[in-house]
Structures are given as C-alpha cells and as structure tokens.
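If you read the sequences in order, they're chains A and F.
Quick note on the working numbering: the first sequence kicks off at 1 and runs consecutively.
Quick note on the working numbering: the second sequence kicks off at 1001 and runs consecutively.
Where hints are given, some of them may not hold.
Unchecked claim - Cut-off 27 angstroms, straight-line C-alpha distance, at most; resulting in silico cross-link-like pairs (DSS-like, lysine-lysine):
id : chain 1 : residue 1 : chain 2 : residue 2
1  : F       : Lys1120   : F       : Lys1150
2  : A       : Lys266    : F       : Lys1080
3  : A       : Lys227    : A       : Lys214
4  : A       : Lys149    : F       : Lys1180
5  : A       : Lys60     : F       : Lys1180
6  : A       : Lys87     : F       : Lys1180
7  : F       : Lys1012   : A       : Lys117
8  : F       : Lys1080   : F       : Lys1012
Since the hints were derived computationally from the structure, they do not count as laboratory data.
Each chain is listed here by its residues.
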Amino acid sequence: MNGESSGYSALTPAQFGALVAALRQAGYAVAGPRVADGEFVFGDVSSSAGLAAGYADEQKPGRYLLSKSAKSAALFGVVNGQHSWKKYLFSQQETLWRARGSSGGFSVEQEPCRPAKSAFLGVRPCDIAAIRVQDAVFTGGACADTYYKTRRENALIIAANCTRASGNCFCDSMGSGPRARAGFDLAFTEVAENGAHYFVFEAATAAGKQLLSKCGAPAASAAQTRKADALIESARAAMTKKLDAKNIKALLYRNYENPRWEQTAKRCLACANCTMVCPTCFCSTMEDQTSLDGAQASRARRADSCFTLDFSWIHGGGSVRPAASSRYRQWMTHKLATWHDQFGTSGCVGCGRCITWCPVGIDITEEAAAIAEAEAD
Amino acid sequence: MVPETRNLKKGKPKLAVCKLASCDGCQLSLLDCEDELLQIAELVQIASFPEATRHFEKGPYDLTLVEGSVCREHELEMIKEIRAQSRFLVTIGACATAGGIQSLRNFADAKEYVSFVYAKPQYISALATSTPVSAHVAPDYELWGCPVNKEQLVEVVNAFLNGRKPNITARSVCMECKAKNTVCIQVSRGTPCMGPVTHSGCGAICPAYARGCYGCFGPKETPNTASLADWWKRELGAQEDFTQRSFRTYNAWAPEFRAESEKHGKK
Chain A
1 MNGESSGYSA LTPAQFGALV AALRQAGYAV AGPRVADGEF VFGDVSSSAG LAAGYADEQK
61 PGRYLLSKSA KSAALFGVVN GQHSWKKYLF SQQETLWRAR GSSGGFSVEQ EPCRPAKSAF
121 LGVRPCDIAA IRVQDAVFTG GACADTYYKT RRENALIIAA NCTRASGNCF CDSMGSGPRA
181 RAGFDLAFTE VAENGAHYFV FEAATAAGKQ LLSKCGAPAA SAAQTRKADA LIESARAAMT
241 KKLDAKNIKA LLYRNYENPR WEQTAKRCLA CANCTMVCPT CFCSTMEDQT SLDGAQASRA
301 RRADSCFTLD FSWIHGGGSV RPAASSRYRQ WMTHKLATWH DQFGTSGCVG CGRCITWCPV
361 GIDITEEAAA IAEAEAD
Chain F
1001 MVPETRNLKK GKPKLAVCKL ASCDGCQLSL LDCEDELLQI AELVQIASFP EATRHFEKGP
1061 YDLTLVEGSV CREHELEMIK EIRAQSRFLV TIGACATAGG IQSLRNFADA KEYVSFVYAK
1121 PQYISALATS TPVSAHVAPD YELWGCPVNK EQLVEVVNAF LNGRKPNITA RSVCMECKAK
1181 NTVCIQVSRG TPCMGPVTHS GCGAICPAYA RGCYGCFGPK ETPNTASLAD WWKRELGAQE
1241 DFTQRSFRTY NAWAPEFRAE SEKHGKK
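Could you put together the complete structure from these sequences and hints?
Listed below in structure tokens is the structure:
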C-alpha cells in the first residue's frame, strides 16, 4: 500500500484536525505522540487536540528531558521517545495456540489475530525505516509471521519529517532520515514558527490521497515547500552524532577480539533496555503454559533479548554468552554487521533510542568509533 | 530441577507451607490467590498451612514452600528437618531466599539492637545473623520477592503439578517496565532506580508510579551493581549513604547487593 510520492498540499492546524477526524470516521484507530503523566508516549489519539502540542525533547546518553513551551504551537516538536511503533506491530506477549486435552489425545487451536484498522500518526523517517527492517524480518522470508503481517497490513502510515534533531539522532549517517522517502501513505512536514503554522503534505498511496482530499486543503505554495525543505535540512545539519555506516560491517567483522568489548562490559548493565527500545530488535522466546489441572495448555511468544542468559542457554550447560562483553558484542555486531548478511539491510536506523534509554548512557556511535580507534592503535 | 510428578505415590501430592523467621506475608500471598486457591486445594493435599488452618499432618511432603530466614537457634535444626521431610523444597520470598530485611542485623551488633528494642533482652534467643535457607540446606527452587508475587507462586505450584519448569526468569525489572510501556524514570526524571540490577517478578510496580525500584526481588542474573552505582553518583548526584541504603533493603544479604553496599557509606 506504500508507493511513490507526488504533489504537495498545505494544511492549516484546523485542516490537520479534520484529517484526524476523517481517519477516525473512516474507522481507523489513530495512534500518535502524546504526553501522559508527564511522559512522551505513543497512545490513542481522539483528536489533534490530544497531541503533544508545545512539547520538545532534549536527549543525551542516558537522559531524556521533556519540556513544554507556551510559545510553541508545534504538535510534533518532540523528535522521539522511548516508545516505538513496535509497540503496535510486534506484541510483547502473544498467545499463538491453545491445546485442550481430551480422552485419547488433545486438540490444538490457533489463536486468531484480529487487529483493528489502525493509523500511525507522526511516524519519524527513522521509524519508517525500522518498520521496513521488521517487515523484512517478519514477512520477507519463506515463512511470514501471521500476527505481524496482519497488523502491518492493517496499518496506515502517516510520516512526520523531522525539523529538529535530538542530541542522539544519527539517521543521516544511516540514510534513514530526516526526510521520509518511501514507506508511507501520507507524509508531512510541520512548519511552526514566527506565528505561521501549517503542514506541508504529500500523499503516496490511494488511501492517503483519499484522506487528504477530505480536508479541503489547497496546494502548497512554492514558498511553503521551500520552507519545509529548509527545516528538514536544518535538522540534518543539527545532527551531531555520526556513524561510519559504510565501513562498520567490515570493522566489526575484523574486531571480534578488541579490548573495547571488555571496557564496555564494565559499564553495561545487561539490563536489555537497548534491545527493548530498539525499533528493529525482534527477538522472542516461547513460553508454554498449563492450566493447574493440566487439562489445557498454551504457547505464547514473549519478547526476549540477547542480553538475558536464558536467550543463549543451551542444553546441558548454561549460557554460551555468560560475560556481558560477549552479549554486548553479539548485540552490536548483529545490529550493525551480521544483519546485512541475514536481511540485506542494517539493523540500525539511527533513531538514538538505545543511547538515550541506556540507564548508564552507553552510546553505540561512540562504541563504533572506539573500536575503530582501538584497532588503529 | 524439574520434579518428576509421574512417580508420585497414588493420591494427591502433599503440600506443606513452613515458616521460619518472617512476617507471614509470603504465605498470605498464597491465601491471597483467591481464584486459584480452591483449585489448588483440590489438586493437592494441604498438610500444613499455618496462616490458613490449624490442621497439621506430619511429613514427608511432596512440595514444601518455606518462608522466612534462619534467625533463631531452633531454626537451625528446623530447616534440616524440613529438608529431610520434603521431596521438593521451594523457598518463597526475600527472607527464605536471601535472609530478608532482618539480615540488616548482619551488618551490625545484633545484641546491641536487642538491648534497645526489648525490655527484657534475656528472653530473646536470636542468632547473630539472619541467613537464607540456602546457607543451611539446598533448596530445589528459590522464589524471590518481598513479598513474592502471587502469580509466580501459583506458577511454581502449577509447574510442580505438571512436571515442568516454572516460566520465571532472572531478567531485569527494566524488561517488565518496557513490556508494559512504562517510561524509564531514571532516564526521564533522573530518579535513581534499582530496576537495571533487580530480578523481575513484581511486574515493575514502583516505576509505574514514578518511584525508583526498591529492589524487592533481589539481584537479577549477572547484575552490574558497580556501574549503576557509579552512574547514580556521577550523573544523578546520589550520596554514598543513599546508595548504601538502596542496596541494603529487603535483600541486603544477597551476595551481590551486600558486596555493593559495603563499597558505600559508613562501614
């Protein structure tokens, strides 16, 4: 349902509100950026008034600061937060089938998947890249994951190009942003400065075009699209973090042994936060459950992480990655190097979440640079 | 570790709940399993459960749930007898698994404490230390928590009855926070949180109410307490006595928490 882009419209905030209303009227459950209990999250959006108006984020390794400015009218001023769209597409815990004992055997029933038609509002370009990475993982091979695939097919994507960069963004290095090039139904750039407030929209699919037509928005002027483009370029220029994506795979393949792994392991908590917030991490474990009397059983898939010992536990012995250094190496090497061989793409999209939400601020870009430096020594 | 339930003698397995030095909160968690308790009572023969009934049957028992730590002279013998009478012994809660909050005495002079607290200290026969069951006999399974999580308690009984491994992991509390989409309060508010070094199981309750994790479920697998404490100090401005207190709560005597607490604050 995602295709090439064409033509621009300019929506006023009221017309943007009409778009949200049109989505809901068309039966979409709309999810988007919100502030709940003082935290930036993705949640249900009933109208554009429920978005995170006036908020902005500041991110550093291990720190996230959300602030609100009375001066700002921007609905999408926050670059990103802990939540990613994985929240909606890849369930943390999912029952796959149930079994019932009967005289002389048992019967198995697959758990049905009936997702609602949903619209993701304000998907950042890096997060679109992440969704496409997970598409390749879950639907690209010989066996598609029914649960992911069904949810994905029911999701309409409305991209929000970035006009700000957080301190931990490096999408420019990973080629995933700050402008969304494909993989969306609708995409917009929000312009909110000097008293002006509008959204420059483009539609990429029939569904997107149809929705846009319901807002009664005129074509964007050349000045408006130029302004939007300039803001996106300013976000690119503001990005301070870099990762040498071109050489990282070869670098990591050469450096299974590097003193940096041990140094990082001294800091790494092996708490799994990086993998949980990463929009592309997809690992899971299977859990078999029984009823107390043993008459019924079920199998559930539960999100797991390469940082847990159970994840690499093998028969008869224990974990093959007992040291935190081996677990961190596994994660980073998979994300940035072996992922290419496995799925034909990098597993990293440069969203910076693993840096921000690491409780001790381990920075994957700094680690990559340090490994290169240690190798050069 | 997986009990062989198929070899049970005819009849229902015998379940005993035993108590050492404890507040009874963990066995109350079993009593609190309102939906499952009746079914459990149908599937096992409850031989001993002091908080529920005066009814008592002698061992041997198929499954014994022990709460409490070894704090008093007679408990040294008691735990050996419980082990001898139990085919499968599970410690339930921070006291039985790690020595409990009463193990704070292990860092001080217990006799001095007794003289402050009791009018007639001569009646108190406390040992100098509070120790977990594992310091005396080998348990078959250890359930963490102050108190234990009742779903995990039912899961242990369920796994025993069905001859399988309990679905309980030693992962971090952070993974529970992330699973329920709670935003990390250490990162977003600068609140020191024990979550990254603490064993999951509670369902990450405190961070969901904007409080740092208190570490009620003890150390997670391979906890890097030194790195967390270092971050608290450097980035969050935590004082040494705060860090010591954080590691000295309900699981003060758990080896990893104990070692970290000894690096901070007053000796």
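Hints, verified against the model:
no.: 1; hint: F:Lys1120 - F:Lys1150; verdict: violated, 38 angstroms
no.: 2; hint: A:Lys266 - F:Lys1080; verdict: violated, 40 angstroms
no.: 3; hint: A:Lys227 - A:Lys214; verdict: holds, 25 angstroms
no.: 4; hint: A:Lys149 - F:Lys1180; verdict: holds, 22 angstroms
no.: 5; hint: A:Lys60 - F:Lys1180; verdict: holds, 24 angstroms
no.: 6; hint: A:Lys87 - F:Lys1180; verdict: holds, 10 angstroms
no.: 7; hint: F:Lys1012 - A:Lys117; verdict: violated, 50 angstroms
no.: 8; hint: F:Lys1080 - F:Lys1012; verdict: holds, 25 angstroms
Of the numbered hints listed earlier, those contradicted by the structure are 1, 2 and 7.
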